[in-house]
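> Here is how the chains run, residue by residue.
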Amino acid sequence: KAGVTQTPRYLIKTRGQQVTLSCSPISGHRSVSWYQQTPGQGLQFLFEYFSETQRNKGNFPGRFSGRQFSNSRSEMNVSTLELGDSALYLCASSLWGDTEAFFGQGTRLTVV
Amino acid sequence: QKEVEQNSGPLSVPEGAIASLNCTYSDRGSQSFFWYRQYSGKSPELIMSIYSNGDKEDGRFTAQLNKASQYVSLLIRDSQPSDSATYLCAVKILNAGNMLTFGGGTRLMVKP
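If you read the protein sequences in the order shown, they are chains A and B.
Per this note's numbering, residue 1 is the first one in the first sequence, and the count goes up by one each step.
Per this note's numbering, residue 1 is the first one in the second sequence, and the count goes up by one each step.
Think of the hints as simulated: they come from the structure by calculation, not from any bench.
All values reported here derive from a predicted model rather than from experimental measurement.
A hint or two may mislead.
One-sided and incomplete, this derived list gives chain A residues near chain B with beta-carbon spacing under 10 Å [claimed, not checked]:
(1) Val4
(2) Ser31
(3) Val32
(4) Tyr35
(5) Arg55
(6) Leu88
Ideal Cβ placement from N, Cα and C applies to all residues, glycine included.
Chain B with its partners taken away, still in its complex shape (with noise of 0.2 Å):
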């Protein structure tokens, strides 16, 4: 089993419309968790990171996160062609320095 999970994808949804990408992990050590966003042929871009239990909003982006349940989320609302991309779920385990464990990656394709 991997230690972060994605759904491939891909994901598609229409110009505007709210994208809602998904991510679980194993280890209840994991501590920090990172969303990147990645075009075709580029390097890994942060766009959010949280922390603690709960909501954290930044313009368009709501990541979530639930301790509990092991599960992560982030939410695009009005979501425009220039976010279809691959989205990267991380996850930081305590005492484990800067080592970032990598889901798969989600495609996400946004129809005009």
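Chain A with its partners taken away, still in its complex shape (with noise of 0.2 Å):
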């Protein structure tokens, strides 16, 4: 059973460009969250996605925003980047509901 599969895995942008990272879920999983992980603050709550909708949003600026598709992949876009953006951008699956969660490998960003 493949895992989840995070695109690209590095990425190395300038500041002020935007981005997009994409995440595909488990096979029949319909929750996606992204994740920032970075080693001042550690693993912070982007948002949720389940059935194409935000469920839940973390603490970031309006430039984070995300979406999912109807067959549960997700992406997630960063605009207007910023240094303090460098970090690794996870991507968690679940079942639906109030299940577990499993992470992808991650897409590290670099912000020069």
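Assemble the dimeric complex from its two separately framed chains, guided by the hints.
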């Protein structure tokens, strides 16, 4: 059974640019959550999508956005990149409701 | 005050010993508890979930939950050098979907 797939694995962007990250959940999983991990702040929740609807949102600026497609694949977008956006972005997939979450390999974003 | 607290470590134990990792949480609405293992440069891997008070065992791992004391722990028996990693405690709150709140993690070092 395939796991959670995130693409790309690595990205280098320039300040002011925008970036789109992709996440394909485990087959049959309908919930996709996104997290940002940095050495200083640890793992922080960005948002969750369930059945194409944003169900929860963390405390991040509006530059961070996401969406989910009918096949449960999700994308997150960061506009007007800042140096502080450099982080490991992780996607987690859950079956539905209150169940265990499984992480993808992550996308390492570096903003220069 | 952080919502989920862990001692950052490092916690150093000899090979074959029991490693005890602790986590406290502040929100009494917390209902689901998870332990993830994260190797350096990798994404978090789910190793245990626990939902009710008491102990839950899976192989060398035992999770313990005490909701009255707002405390969850992870015991690793017969620790191996391959167990050396950062262990993340995560909590889900009732009616918050699949949003996970993470502690800062405890770095475990198992010395041969």
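> Check each numbered hint against the structure and report the violated ones by number, ascending.
Violated: none.
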